[in-house]
Amino acid sequence: MIQPIWLLPALPFLGFMILALAGKFLSKKIIASIGIGSVALSFLYAIFLGKAFLSHPDLHLQFTLWDWIQIGTFNFSLTFSIDSLTMVFIWVITGVGGLIHWYSAEYMEKEEGYSRFFAYMNLFVGFMLTLVMAGNLLVLYLGWEGVGLCSYLLIGFFYRDPANNYAARKAFIVTRIGDTALLIGLFLLIREFGTLDIATIANQANQVLGINLSMATIVSLLLLGGAVGKSAQLPLQVWLPDAMAGPSPVSALIHAATMVTAGVYLIARTHAIFALSPFAMQTVAIIGALTLLIAAISALFQYDIKRVLAYSTISQIGYMFLALGVGAWSAAIFHFVIHAFFKALLFLAAGAVIMALHHEQNMFKMGGLYKKMPVVFATFLIGSLSLAALPFISGGFFSKDSIIWYAYASENGNLLLWSIATIGAFITSLYTFRMIFITFFGNEKTHIHYTPGKTMTVPLIILAVLTTAGGYIELPHNLAHLQLFSGFLSSTLPQVTLKNVLPPEGVFQLIVALLSLMGIWLAYQFYLKTEPVYKTSPTRQFFLNGWNFDKLYEKLFVRPFVWLSNINSSDAIDEVFDFVGLQIKRIGNAIAITLNGQIRWYLTSMIIGLIILILFMMWT
Amino acid sequence: MILLTILSILLLCAILSALGSKLHSQIPRFISVLGLLLALGLASVNFPTAITEIFGSTSFDYNVPWIAVAGANFHLSADGLSLLFIVFTLFLGVIGALLTSKISNPGYFFFHYLLLLSGIVGIFMAADLLLFFFFWEMMLLPMYFLMIKYRELNDQNENTPFKFLLYTQVSGLLMLLGILALFFIHGRQTSIYSFELSDLMQTTLSLPVAIFIMTGFVLAFLVKLPVIPFHGWMPATFSASPLAVIFTGILVKTGAYGILRLAIPLFPEASVLFAPTAMAIGIMTILYAGLIAFSSNDIRKIAAYSSISHTGFIIIGLYAFNILSWHGVIFQMIASAIGVGGLALLGDALYRRTGTYDITGISGLWSRASVFSGFGLVISLAILGLPGLANFIAEFLILAGTFQQSIVVTILASIGIVIAAAYALRIVQKVYVGEYRGPVELKDLSLREKMIMSTLVVLLLVLGLYTRPIIRSTEKVLERTLILDSSQPEPLAPGNDASVKYFVNPQID
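Respectively, the protein sequence lines represent chains R and F. Our numbering numbers the first residue of the first sequence as 1 and each following residue consecutively. Our numbering numbers the first residue of the second sequence as 1 and each following residue consecutively.
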């Protein structure tokens, strides 16, 4: 039987349509039920489909709606397709997405634009599913731009404050620069393959691009351009910290769990092309390594709790890119899943704190919250343990540990990549526990005035369970023979190729574990034993501002663009023509004495035409 | 006969409107809408048949001697391309007529309005070059008279209608000279003096002569499109009258049609030689107009320059000689007219509510007029080319096709996509979001405005997701024209770009 898999994105789209058209007339209760219900139905259907996948991971479902663009033999059809890689993404998008929708029902209750919020969120889920289910790259691009739009709309959700809208526009335009690279990559693929069908490209990649490896490199780098934009990696990472202007559930869903990992999905999906080009692979790994380090250091200097999490997201996606770059495809996807759990959890828990403190986001004005908000604290702690990758008791350990190991052990890995990843792990646990200690311990600085209800805490608890339990489906090879996750993906993503001679994995694990414990200990020394005070200095300011990339881009691109645009706002070419026109009009006025009124030009032209006609006829 | 009937209905209704206005002020509008709908119905019904026909010898042809002494025939014809644009013109015509309910002097207005539309429709039908020129002139004069009568009182630049006429007449004159030159050369070669397009296409021209004559044609069309640097009349026209926008949306289509129907088929080799220049003009148009659109605060000016910037894509797509980009051109003509038209309509609605076109003079519309703002958002998204809306199909196909010819041109044009995002979102930024700043009372869109905007948005959405109707209606024509033009013998196959690959940036491949 052919499964109507198009229902997966169609349900949230339907939810969006209802809320957008009729939202004004519906009560909050109905709005929330539609918003949550549409995603929940998709999730249930995904679970139903998933049952078949668990027994047959090599299953491949496909459904073509209609030919989107069909010209000659070029056919870009609206095709959805699901394999095990897509299935993983669908579970996360609908599952974590559903929980975030559920949480939002309470979180957004007091805010203006309740139905608008759920409409945009549903629209986002629809586009995100379109993106991961796309059977060809043009449909992927449709989803790709669609999620970008929703990100734009939701960052600027509190539209009354112009600052939010600037952040939204910045996010859209910065990612669009990457998207344009991706689009050019698609043109190149059309030229080389004559199609954008993902399966065809994957099958023929070796044959078409294998003979011309520099072409494989160019295509990969163009696709990478799109990926770094969407996934906020160097050099296009600047938009994500500002994107925190959106409501916390938005940050959780779009700017942590799903959309920002679209770049990871894209590279994993087109791994057949990337794998052909060692240079492109290396570039991906280096971008990942640099980003994870730069963002982690920035996270250490933030005072806004959401910005800590934003830089942490950039940094964690850096780990995923690093994994992709060394060919550890399924390790990257595994970290995506675990990261989606714990980062959504952290954002939602942070949201609860922010809400309780009346929209206070400055950690240095929080403090002592662990007694007042025990559930939120407990879940936040569990999420943080994963982020800091504490050995054995956190999912993040298993997913991040394997990436760090492969950064060295893969045949594309080396000691430098491993060192950066390891230092990153140390800084991560340092900034994570800095955040925990400042926010939840020490003296209470602001009274809480709202205690989150069950609608908010239950999703937190579920995510906390998933975060911890999730790690155990894929254990390190030296500890146990339990690799369910990479086994599930093995039909879609190739296994990582290891170096021939390797030192024992345990030593490496031990170093990472010790460093992350040391990070916690250091954080304890700095931020718990002594009362934390926020200090400023030029150096701190530099890291607080994310290495001043914004200032650099402002000088390099924004100002020249605005200057170029303003310098000619009066349209010089038009002015030249106007001047000439004025002179002609003066002459015209002179002629007008003999001609009658406004149709003179018409008459003149006709008369000249006729004269020429007659002259020619006489001549021939 | 069917084509003649369509034309006659429009002309008849023009006269009836002028006469009927004496009885009641609503009669001209009623007659016009009725006539346009009738013509639209007639054109649509014959659409399926027209798709397979060859222009100039279809089953609809109406061909009678016109100026017999000069060998000019009154020859109307229509294939899929023609009919697509006739239908689209009449459709926008209906919308335009619906918009103008409270116009002063309705008899005068609708007389010229229908005359203008019949001129445009005539252009799409003319299979005789002199007749083509006749219709070309016929559409310009009513436009001029409309602009004189209905320009805004606060419009300081009294030269606007004159500017429009000057641009279009001077370039029209060049085209006439081109037509005549072709007529005599062909006459001397074959001793058949004819203005028939199919005859003149057989003319053997030496390359320098072909280039010379083609320049006359192309200039007329480039001015009409318009491209930089011949664009000055358009922002002026947009500012002169809100109504002008809807006319202009239709009017400019004739320029691209002219290139596709006349300039390229009549002068294939010269067109190939002209292609690099055309590409340069296209790039300049996209970027130059895009930058001005970004710096403008007047919403009409933004609409005008956005339209010009879209035109840059049209010209690139046309001279890429690639089937994908040609289909993209067709989409661009339709989608840009709807998108920019929608923006201008909203600009007009904004003006009527707030008394300003300045996007910095008002903000936070969302809190007072959410439907207005919702449409505003969608229109901005259309203009920046969001996938799912028709404008994306246009840009995607044009660039995908152009890429097969020149990578550099594609990359430069792609910068235009980023600029479009910047200026389209700037409108959203200034007008719809932020804290409310504007008149105390602000009404949301009226029912009629909502219906018109919904029609436009639904059309953009449907064409953006289901492209088959448009592609099917023009694919035969475009394939034929492309083969005609291709100097290489091999058939058109994808991946193996059989058309003229060698002329732009041969070093890249």
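Simulated from the structure, these hints should not be mistaken for laboratory data. One or more hints might be untrue.
[To be verified] Away from chain F, derived, C-beta distances all over 10 Å, residues of chain R:
1) Leu14
2) Ile47
3) Ile177
4) Asp550
[Said to hold, decoys possible] These stretches of chain F come out as covered by chain R in the derived footprint (C-beta under 8 Å, 3 or more residues):
5) 50-59
6) 111-121
7) 446-453
Bear in mind that the values here come from a model prediction, so they are computed numbers and not experimental data. Ideal Cβ placement from N, Cα and C applies to all residues, glycine included.
Tested hints:
1. Leu14: Holds: least Cβ distance 15 Å, greater than 10 Å.
2. Ile47: holds, 28 Å
3. Ile177: Contrary to the label, Ile177 (chain R) does not stay out of reach of chain F, its closest Cβ about 6 Å off (not over 10 Å).
4. Asp550: holds, 17 Å
5. 50-59: Our answer is that it is violated, as 0 residues pass the Cβ test (under 8 Å) against chain R, missing three.
6. 111-121: Contact hint for the segment 111-121 of chain F vs chain R: violated, 0 residues under 8 Å.
7. 446-453: Result for this restraint: violated, n = 0.
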